[in-house]
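Numbering-wise (the numbering used here), the sequence shown opens with residue 39 and increments by one.
No lab work stands behind these hints: they were computed from the structure.
As the structure is a computational prediction, the values presented were derived from the model and not from experiment.
For each residue, glycine too, the CB sits at the ideal point set by N, CA and C.
Treat the hints with care, as some may be off.
[What the hints assert, rightly or not] Capping the alpha-carbon separation at 30 Å, the derived lysine-lysine pairs in DSS-like fashion look like this:
#, residue 1, residue 2
1, K483, K606
2, K483, K311
3, K457, K141
4, K448, K141
5, K483, K305
6, K639, K606
7, K141, K782
8, K606, K457
9, K457, K77
10, K448, K77
11, K274, K305
12, K448, K311
13, K311, K274
14, K483, K457
15, K639, K457
[Said to hold, decoys possible] Beta-carbon label-pair distances, calculated as ranges:
#, residue 1, residue 2, range
16, G359, D710, 39 to 49 Å
17, S783, G620, 52 to 62 Å
18, A488, K141, 37 to 47 Å
19, R195, G447, 38 to 48 Å
20, K141, A176, 17 to 27 Å
21, G447, L152, 18 to 28 Å
22, Q526, E286, 43 to 53 Å
23, G447, L231, 44 to 54 Å
24, E594, E286, 16 to 26 Å
25, E582, N551, 51 to 61 Å
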Amino acid sequence: MSATLVSPPSPSAARPASFPVTGMSCASCAAGVENILAKVPGVHSVSVNYANTTALVDFDRTRISAEELRRAVQAVGYDLLIDTEDPDAVQEELKEEAYQTFKRRTLWASVFTLPVFIIGMFFMEWEAGRWISLVLAAVVLFWFGRHFYVGAYRQARHGTANMDTLVALSTGIAFLFSVFNTVYPEFWLARGLPAHVYYEAATVIVVFISLGKLLEERAKSNTSSAIKKLIGLQPKTVRAIVDGRETELPTEEVQVGHMLLVRPGEKIPVDGKVTAGESFVDESMITGEPLAVRKVAGEAVFAGTVNQRGSFRFLAEKVGGTTLLASIIRMVREAQGSKAPVQKLVDRIASIFVPVVIGIAAATFIAWMLLGGDDAFSHALLASVAVLVIACPCALGLATPTAIMVGIGKGAENNILIKDAESLELGHRVDAIVLDKTGTITQGKPTVTAEHWEGVADAGAVKGILRAGEALSEHPLARAVVEWLEDQRLIEAEVNDFESLTGQGIRFVHGPNTYYVGNERLMREQDLQLSTDLRTRAEALRNEANTVVFVARNTEAIGLVAIADPVKASSASAIRTLHERGIEVYMLTGDNRQTAAAVAKQVGLDDYRAEVLPADKATFVEELQGRGRVVAMVGDGINDSHALATADVSIAMGHGSDIAMDVAKMTLITSDLTAIPRALELSQQTVRGIRQNLFWAFIYNLIGIPIAAGLLYPINGFLLDPMIAGAAMAFSSVSVVLNSLRLKSATL
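Put together the whole structure using the sequences plus the hints.
Dropping the structure here:
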C-alpha cells in the first residue's frame, strides 16, 4: 500500500502564499483586508481567515511582490508578516500576546468598573461619587477599552460599521453626556429636569463585550496547535551513516542521498527507501489503518511514521518541505486558511443597524430643535441620548455568545465538545456526512473474532503452543492473537527453531511436531493440506471483513483464527438515524475493497470508497461541496486532518489522534456514533435560540427607539428619561440570558 502514496508537490511550484495578518479585531476586519488585497493588480484570489489570522493569497509573482501586498494592507491599518524565518512561531507568539493583553484589559476593566457600578446603583445622589465615577470610567473606556474606539475609527475611515462602532458610539455618548451633567448639572436643574449620569452603563458595556472578546482570543490562540503537533511528528535529530560511521545530525541538515539508520520505536525523519534490514512501520498517520506495514529492502518509508520492533537503514530521497509529512502540514494549513471568513451575525446586523440608529438620533435632535418650543435644546439632547442608550449593543452582544455558551455546556453533557460558534451555526444545515472507517465506524483495533479447530483433541493445549509461537513474531496480527490468548488460562509451552517466513507467516517446533501459522499462501508453499470445510469457513469470514490466519501441524491445517477490526455496536443505528434525517452518508477508507464492502454492508451503507489516500478524502469533500452540499467529516486519524480542515463541519472521535481533535471543530468524547445526530440536533436548537435572542434584543429597540425619540410626547407629554432607557436596555439583556438558559432543559 505504501508504494501507491502520492508524492507531495515541490515547494518551488507556484502555490498560494500564506501570510500572518496582524491588527484585525473582528470578522469585518478580515473582510476589509480581503477586499484590499483582492484589488491589488496581479492577485488572482485571496481568502483572509479571522480565526487563524492568516491571508491565503494566490498572486502572480512576476508582476507583484509580497512587499507590495504588505504595503497595500498597511495602508488601511493592518500588517502582513512576510520576512520572518518562522512565521508559524511568530504568529503563535502574536496570538498568545493578544490573548494575554485582552486578559489583562478585561480583568482591570472589571476591577475599575465594580465601584462605578456600586455608586451608580446605590449612591446615585452622592455628589463626590459622580467625580469618582468620572475618573474610573475614563480609565475603563479610554485605556482598557481603547481597542473598541480604535476599531470604530478604522471602520469609519472605510465607511463601514460593526460592533466596535456600536460600543464606541453608545459608551462615548453616555460618558460625554455624564461628564456634562457632572460638571454643569445646573443646566438641567434650571429647567426642572434631573441631571442623571450613566458612567455605570458605559463601563459595564465595555466589560461585557471585553469578556466576549477574551473568549474569542482564547479560541484563536489555540488554532495553530494542530500544525505544531504535526511539525512535532518529525524527530529533531537523526542517525546518519557518514564514511561508514554512525553520526547524529539535526534533521534539517539531512540531504538527499544520506544513508540513515532507524531503530525500534523511533520516528522516521524524512522520506526514503529501505536499503537494508526489516521491520514493521506504523503508517496510521497516513493510511488510517491500524495494522503496521512490513518494510523490507526497496520499500518506501515516510517522515513522521513510527518504526516498531526491527531496525533498518534507508536512503533519504525527500527532505525538508518535499516530504509527505510537510505536504500534509501544508494541506492542513491551506485548508484552514482557505475558508472564507464567516461574518459574525452580529456584525452583519450592526453594519445596517448602526447607521440607522445614528440617523434616528440625528433626526430626533433636529425634529426637537425645530418643533420643541421653549425647551427645544434640552428635550432634543435628552431624546437623542435616550435613543442612543436604548439602542446600546449589550443585548445584541450577548445574543450569540450566551446561546453558544449554553449550547457548548449542553454538548459537554452529551459527550460532545464544541470549539466554536461556526460549527454550531452550520451543523443544522449539514446534508452530507463523510465517515472514516477505521476508528470511527470500527473500533480501530484488530481483535480475534472467531476460531475453528479440526481433528484437535485438546484445543487448549494447541492454543498454548500457538501463543508461545506468536509471542516470538513481530507481526501486528501476531500481537492480536497473543492478546486474545493471554485472557485464557492456558498451559505454558516452549517452542524452538522459530523462523519468520517473509510475506507468509511463521514456523516453529514444539516437541516432535512442526507448526506453521500464517496465510493461505503459506499453506500452498509448504504443501500443507487444507480441508474443504476450512476453505469454506475462511472465505465466509473474509467476506465479513476478517483476516484469516491458518494453523497447521506437520502436514495439514488443524484450525484457523479470524482477526478483524470490529464494527462499533452503535454504528448501524447512528447511520440509520442520519438517513432518516435525510442526510447522505459516505464511508471512506484506505483499506481494501473487500473489507470496505463488508463493513459497509454491516452498517447499511451503499456509498463507500476504498483504497483512499488522505488527499483523496479532502478532494471527495470538496466534490460534495461543489455539488452544493454542506459537508460534515468525521474521523480520528492524522490522515483525516486535511479532510477535517476542508469540511464545513469537522467532527473528531475523542479516542483518536490529538491532531485530528485539534483540527476538528467538534470532538465526540465517546465512541458512540449516535452522538453525531445529537450534535446536529444541538446545532439546530442553538441556532433557534440565537435567532430568538436577536428577536428579543431588537424588539426593545423597535418599541423603545420611537418612544425614546418622543413619539408619545404630542399624545400624553411622555418623554423617556435616559435612565429608563438604560433600564430597558438592561432588561433586554436579561431576557436574552434567560432565553439562552432554556436550552439547558432541551432534549437532544
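Hint check results:
1. K483 / K606: Judged against 30 Å, a Cα distance of about 11 Å means the pair holds.
2. K483 / K311: Holds, at about 28 Å.
3. K457 / K141: Holds, at about 19 Å.
4. K448 / K141: Holds: K448 and K141 sit about 26 Å apart, inside 30 Å.
5. K483 / K305: The hint holds at about 21 Å.
6. K639 / K606: With a Cα-Cα distance of about 14 Å, the restraint between K639 and K606 holds, given a limit of 30 Å.
7. K141 / K782: holds, 28 Å
8. K606 / K457: holds, 26 Å
9. K457 / K77: Roughly 33 Å separates the two Cα atoms, so the pair is violated.
10. K448 / K77: Between K448 and K77 the Cα gap is close to 44 Å, so the pair fails against 30 Å, i.e. violated.
11. K274 / K305: The given pair, whose Cα atoms are some 10 Å apart, holds under the 30 Å limit.
12. K448 / K311: violated, 50 Å
13. K311 / K274: With Cα atoms ~20 Å apart, K311 and K274 stay inside 30 Å; holds.
14. K483 / K457: Holds, at about 28 Å.
15. K639 / K457: violated, 33 Å
16. G359 / D710: 39 to 49 Å: The hint (39 to 49 Å, Cβ to Cβ) holds, given that G359 and D710 are roughly 40 Å apart.
17. S783 / G620: 52 to 62 Å: With Cβ atoms ~27 Å apart, the hint is violated.
18. A488 / K141: 37 to 47 Å: Given about 57 Å between the Cβ atoms, the range is violated.
19. R195 / G447: 38 to 48 Å: At roughly 39 Å between Cβ atoms, G447 and R195 fall inside 38 to 48 Å, so the hint holds.
20. K141 / A176: 17 to 27 Å: holds, 22 Å
21. G447 / L152: 18 to 28 Å: holds, 26 Å
22. Q526 / E286: 43 to 53 Å: holds, 45 Å
23. G447 / L231: 44 to 54 Å: holds, 46 Å
24. E594 / E286: 16 to 26 Å: Given about 52 Å between the Cβ atoms, the range is violated.
25. E582 / N551: 51 to 61 Å: violated, 31 Å
Hint compliance for this structure: hints 9, 10, 12, 15, 17, 18, 24, 25 are broken, all remaining hints hold.
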